[in-house]
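Read top to bottom, the protein sequences are chains A and B. The numbers in our numbering rise by one with no breaks, and the one at position 180 of the first sequence is 454. The numbers in our numbering rise by one with no breaks, and the one at position 212 of the second sequence is 486.
Heads up, some of the hints might be wrong.
A pair holds if it fits inside one copy or across any two, identical chains being indistinguishable in the list.
Derived pair list, reagent style DMTMM-like, types lysine to aspartate or glutamate, alpha-carbon separation capped at 25 Å [to be verified]:
id : residue 1 : residue 2
1  : K582      : D520
2  : K361      : E558
3  : K637      : D387
4  : K637      : E450
Read the hints as simulated data drawn from the structure, not as lab findings.
Number of protein chains: 2
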Amino acid sequence: VSLVSEDLEVPSHGRLLDIIRSTGPVSRIELAERTGLTRASVSNIVRVLLERGFVDEVGLADSRGGKRRTMLAISPAARFGIGIHLKADQITYVVTNMAGGMVGRQQGRGARDQSPAIVVARIAHETETLIDKLGLPPAAVVGIGIVAPGPIDYAAGKISGLPTLVDWSEYPLREELSQATGRPVVVDKDATAAAIGEFWGGRVDVPLSFACLYMEQGIGSGIVVDGSAFRGSASNAGEIGHVSLDFRGPPCRCGNRGCLENFASPVAVVRNARASGFPLGPPEEISDSQAFDEIARLAVNHDPAARKLIEDSAAYVAEGAVSLVNMTDLDLVVLAGPGFAIAGAIYVEFIRDALNERAFARKTHGVDVKLSTTSRDAAAVGASALVLQRVLAPRA
Amino acid sequence: VSLVSEDLEVPSHGRLLDIIRSTGPVSRIELAERTGLTRASVSNIVRVLLERGFVDEVGLADSRGGKRRTMLAISPAARFGIGIHLKADQITYVVTNMAGGMVGRQQGRGARDQSPAIVVARIAHETETLIDKLGLPPAAVVGIGIVAPGPIDYAAGKISGLPTLVDWSEYPLREELSQATGRPVVVDKDATAAAIGEFWGGRVDVPLSFACLYMEQGIGSGIVVDGSAFRGSASNAGEIGHVSLDFRGPPCRCGNRGCLENFASPVAVVRNARASGFPLGPPEEISDSQAFDEIARLAVNHDPAARKLIEDSAAYVAEGAVSLVNMTDLDLVVLAGPGFAIAGAIYVEFIRDALNERAFARKTHGVDVKLSTTSRDAAAVGASALVLQRVLAPRA
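All chains should be modelled from the sequences, with the hints used to inform the complete structure.
And the structure:
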């Protein structure tokens, strides 16, 4: 199934759509000013967008006078994207509309202990069931974004980052899922998806370029430059969780030593908690994610031992944030993912302080730190944004 | 003085010029194929490029047959750029032609101990003297690129990265130098310039996206994505020298702790050498750069103590290269700058080994490591490339 869109074959169409989506009601004249296109070109493109139902005309009073002007706004329900977050223990499906708003969500059994072919057949079935259950016209769904932790091979559409799922690294995930569903499929990294999701959804006041720290069981980041993901050669850019904080540190499963993830991740926090006798249920009864959430909740409620565990993690994440900012020189870091869902405010505080004190270019410009509002589903929502962007507003 | 070029106001002109420059003789048909432009558009643009003398028609036999085909090649001497590397102890000036080839070079007294205004007046004078001495038509010089270590403020055209030159941080360098010379001026970071210089000069077989590790007294990097510098918000991206290798490490002048630079830079190597009783002239008689070059020469000639000092530095730089690659996922690292001029091969070996063993995505793709051939003047040559690119082949 081709990713070349039947909807929008011309990049400038997608560009206008992108502006209309992200800036809200906007006039044709403003579109011409912002893009440098002639008014005639804008009118022609807008006619196509109106015909396809992507945008609506909304009459709004001009704030500078009483004269009413025809404004254009996105028509959110014209098209939908499917976002899938593939994990060993669980698969999350979301459906978002063209404005990035979630219109459906469901969870299924994880990918562990089954062959890729069986998992993909199940995903295809569950995806179509979800579309059906939501009553969406199948043709209004533009495609599927499916994301996992890195390393991934973006061009080949393969994943190999799930430690317990080694046989996926040779499996042609994009092709197989596309064949099974008859839909365009984009395969990418969870953290990259989360970053594009923040941009596409516009939930925080994000500029066009920013970094998104993503914390789930591990820690990664996605880098957005001028509204596009900075991917590097295979879309593994932003692996801040495997930047070493201590070159003499403990070996990491990635092959490096002293990686941030080993000091700061939720898994590390739970390990440290158990080692220090912090009261948690036995590992058979409580997963690492559940245990981390419990520690985070206690930390927020001022339990001293829990607070210490989370603050230690936040101090390490802040070290990573300084490295991330020194490497990218961006002026906004958004925190997304389940790891920030409960105690995110503590992380924001530590990261903000560290950047104010130690970022290389702090005298040239500040760096803002914000919490995403879609923490738990950031990767799945972002996966849907990836396919919506790819199909509806492709970038050069 | 405006940076909007009188020569090439249309981006697609610059794009064709970029392809002709970087791929050598190329036919109009190939240009149409590579750009997606129609043959008629290509012909129109090429006519403009020919009229302005930027390209020449060169008849070359088609390798697939006896039929001769009209090919287009860059006309290197049509335009020139000035590159200036501003340092406390020395200012280096180079002139390069449109193909990135150096046609002139000169060095002047550094910026230390004089006010920015006096230094800029001197730079303006020395620049015009150099153009005159080389007999270049003044109008053939498109502008000046001037670079320094970060932090810099790209949009404001200011530098503040010279530790001994603190009063430059508020000085409007770009405006003042532009006014003093009547020429367009670009202010940027030394490492970013070195990276763009590698791309523009095409001296190593660089792909469009790569990272350039730049080592002089400190260590930095420049990141090139699709032929453009990745700058972040103020062009301080790539500050790998201030990514911490050891969060418990010694404080750095940048405000961070355990920065790569403090373990690995030429200055650190000389400090370590002196501390361990390595025989070097007294600091009053031999600068850190000279001392480092002496150690590097001895290391290349198998002096065990010198070899140990350089290998220790190379091991740390390799740690930094792993972080750089994990953050960018690029598949080529070029080593440039005076720090790699003598013992670069030792650094290449350590970095290659570390990336093969520990880079996060090493199973997805390899990372090539190459030495630049313009090591000593990489920043100045790159500064010239920055202004040539900005004026002749501006990117969106």
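Hint check:
Proximity of K582 to D520 under the C-alpha cut-off of 25 Å is found in both arrangements, the shortest distances being 21 Å within a copy and 21 Å between copies. For the identical chains of this complex, K361 and E558 are intra-copy neighbours only, at 19 Å inside a copy versus 62 Å across copies, given an alpha-carbon limit of 25 Å. Taking the closest pair of Cα atoms, K637 and D387 come within 25 Å of each other only across two copies (23 Å); inside a single copy the shortest separation is 52 Å, beyond that limit. For a Cα distance limit of 25 Å, the shortest separation of K637 from E450 across copies, 22 Å, qualifies, whereas the shortest one inside one copy, 50 Å, does not.
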